[in-house]
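Participant: Here's the letter readout for the chains.
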Amino acid sequence: MTLRIASLRIAALTFRIQRFEMILVLGATILSVLVSALVISWIRTAGYDRCMTDENLSLTGFCHSAVGDWLFRIARLSGSIVPVFPIVAGLLIGGPVVARELESGTARLAWSLSPSRLRWFVHRAVPALLLAVVAGVAIGLTADAILHVSEPSLDIDQSFAGFRQRGLLIGVQALLIAAIALAIGSILGRAIPTFVLALILFGGIGIAVDKVESQLLTNEALTTDSFQWNDAAMFLESRIRMPDGQVLTWQQMSEIHPDILNNGYDPEVYRDVVLYIPGSRYHEIEGREALALTTIAGLFVLVAGMTVVRRRPR
Amino acid sequence: MTAVLEAHGFGKRYRRRTWALRGVDLTVPGGSITALVGPNGSGKSTLIRAWIGFERATEGRLSTGGVDPQRNRKGAVERVGYVPQSPSLYRDLTIADHIVLAGTLRAGFDQSMAAGYVERLSIPLRARASELSGGEQAQVGLALALATRAPILLLDEPLASLDPLARREFLHLMVEAVRAAGATALLSSHVITDIEQACDRLVVLGKGHTLLDLSVAEALAHHRIVEGTAEEAVAQGGRDAFVGAFPAPAGEPLTLVRAPVVTPAGTPQLGRAATLEEVVIGHLAAGRRRAIDAATAEAAA
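Those sequence lines, one after another, are chains A and B.
Anchor point for the first sequence: position 217 equals 217 in my numbering, and the numbering is continuous, going up by one each time.
Anchor point for the second sequence: position 207 equals 207 in my numbering, and the numbering is continuous, going up by one each time.
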């Protein structure tokens with residue numbers, strides 16, 4: 001009980017130390033969630049969601065009314081902040097935790113009072129990181145709901161539509177950038193350079209994760225020569241199946257059999273095939289990427305903790 | 001008396017070039033209030049920060065209440081209440097919040113004691129740190145440091161931003177609390193008149209070295225001032241007695257000399273009694289001259 005009260009006190013103080021950023025992030029989250037919930041509920045109550053599935057209805061004036069148009073426009077606008085939200089929220093929440101304490105000299109006071117800097121770090125970092133995750137997940141789930149109302153025929157649990165721009169991954173992305181900013185802030189001890197460097201590093205890590213993930217997915221992909229374009233599956237790339245059953249990329253084809261490509265080929269002999277991941281694997285892939293990003297975030301938190309323990313205050 | 005703060009051959013070099021301190025040997029006895037005086041850049045803050053484990057020694061070793069702050073920083077921090085050079089309070093937190101925060105960070109932190117000190121200084125507990133003057137912030141810093149009930153108090157130039165009345169109140173509170181707890185305090189400062197009233201020991205640091213380490217009473221008893229140039233003072237008292245020459249505020253030359261420990265009866269004393277400020281300035285002048293001589297010799301070599 002005492003521990004719980006102490007934890008709540010610490011969380012409240014952390015909130016007050018970072019009042020500006022926390023209010024900004026929380027405010028933006030609550031506003032976005034509320035507006036989206038209101039718009040979604042209005043769309044459903046008025047029946048505008050049927051305009052997406054009922055072809056006859058979609059041609060009527062009802063579906064082209066100004067109200068319906070504006071409701072979908074607001075929903076799309078709310079959805080459009082989703083890719084940017086985790087970046088901004090993560091930077092704002094994670095960057096100042098240690099950097100500003102070092103910059104303003106408050107770390108001197110805190111570290112002279114706390115025999116264990118690690119304890120101080122945990123007290124400061126955990127509430128901030130939790131807030132980043134909670135805000136990110138709230139926005140991610142809102143994006144799920146917006147996608148669902150915009151495309152009611154789509155089973156969003158079995159679809160890669162809006163992959164990385166909705167659901168759990170938004171929360172994890174916010175956690176990752178907050179952790180990166182936390183680590184860089186504890187090394188640099190200055191807020192503004194921390195924001196810039198964390199942004200660059202997040203971009204780099206994003207590209208690296210994407211490359212690794214693409215490689216993994218390519219290895220796990222299903223191959224078909226009768227691919228039906230849809231929103232559920234994740235299309236990876238098209239290749240050519242040779243008569244002996246070997247599947248080659250276009251690059252390999254141009255290197256190994258340039259003559260076939262240059263002279264044209266019989267599509268019945270050399271089959272165009274597509275590599276794809278079925279929508280049924282959405283949550284599995286999402287979970288795997290979330291786990292990878294959380295692990296990377298954990299490493300950055302570890303770096304931040306070790307830096308705090310070792311470095312000298314300004 | 002047991003030494004609670006020790007430095008043995010302590011040296012700190014920054015960026016592999018500049019030595020902030022070198023070869024410092026110093027002991028601060030338990031139960032004393034010691035003033036650490038020196039010009040800007042003499043390494044006072046570095047030494048204090050090293051004792052709390054905020055700086056690592058490049059050479060030599062330190063002891064804080066019997067523990068090595070480099071190997072056991074946790075132990076050193078537990079033994080120390082620290083007031084940094086510039087107030088470092090959280091701008092958006094109230095003073096009451098700071099007290100709660102300190103309570104969560106430090107086992108044994110006496111929240112009611114901290115609140116009592118703050119109220120005694122007429123600082124409202126509900127005020128935000130950003131609403132306080134620099135002097136009030138320093139006083140809150142002192143109240144927090146005292147309420148740790150640490151046996152050692154390290155104060156890194158806390159008087160710099162205080163007006164004379166606030167300075168007096170600060171020192172009064174510090175001396176009273178340290179004496180009542182039987183603690184040890186080390187106060188670095190430029191304001192020598194205040195030190196004279198509050199401290200019982202004096203350490204003068206100059207260009208990274210210890211120039212003087214005596215009790216205040218000994219420092220006053222062992223020095224005299226000759227109102228004249230260094231040559232005149234040497235002619236009167238001999239070269240061994242000479243410490244350093246410096247100008248008086250009005251410009252006339254003054255020379256600090258060492259007073260003989262025992263003066264034969266009937267022998268007139270050299271010059272006049274020195275003030276603590278003159279003792280300090282004389283030793284600082286001597287330190288500066290030695291540094292210039294050393295640099296000249298090094299350049300010649």
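Keep in mind that the hints were calculated from the coordinates and are not lab data.
Any given hint might turn out to be false.
With a straight-line cut-off of 25 angstroms between C-alpha atoms, the simulated SDA-like cross-links for lysine to any residue are [what the hints assert, rightly or not]:
| no. | chain 1 | residue 1 | chain 2 | residue 2 |
| --- | --- | --- | --- | --- |
| 1 | B | 74 | A | 232 |
| 2 | B | 74 | A | 245 |
| 3 | B | 74 | A | 100 |
| 4 | B | 74 | A | 305 |
| 5 | B | 74 | A | 61 |
Have a look at the derived ranges for each label pair, beta carbon to beta carbon [said to hold, decoys possible]:
| no. | chain 1 | residue 1 | chain 2 | residue 2 | range |
| --- | --- | --- | --- | --- | --- |
| 6 | B | 74 | A | 105 | 40 to 50 angstroms |
| 7 | A | 192 | B | 190 | 53 to 63 angstroms |
| 8 | A | 126 | B | 74 | 47 to 57 angstroms |
| 9 | A | 192 | B | 295 | 20 to 30 angstroms |
| 10 | B | 295 | A | 8 | 54 to 64 angstroms |
| 11 | A | 20 | B | 72 | 45 to 55 angstroms |
| 12 | A | 126 | B | 291 | 48 to 58 angstroms |
Built from N, CA and C at the ideal position, the CB exists for glycine as well.
Participant: Each of the hints needs a verdict: does it hold here or not?
Facilitator: Hints versus structure:
no., hint, verdict
1, B:74 with A:232, "violated, 56 angstroms"
2, B:74 with A:245, "violated, 67 angstroms"
3, B:74 with A:100, "holds, 23 angstroms"
4, B:74 with A:305, "holds, 16 angstroms"
5, B:74 with A:61, "violated, 73 angstroms"
6, B:74 with A:105: 40 to 50 angstroms, "violated, 22 angstroms"
7, A:192 with B:190: 53 to 63 angstroms, "violated, 33 angstroms"
8, A:126 with B:74: 47 to 57 angstroms, "violated, 20 angstroms"
9, A:192 with B:295: 20 to 30 angstroms, "violated, 40 angstroms"
10, B:295 with A:8: 54 to 64 angstroms, "holds, 59 angstroms"
11, A:20 with B:72: 45 to 55 angstroms, "violated, 38 angstroms"
12, A:126 with B:291: 48 to 58 angstroms, "holds, 50 angstroms"
Hints 1, 2, 5, 6, 7, 8, 9 and 11 from the list above are not met by this structure, while the remaining hints are.
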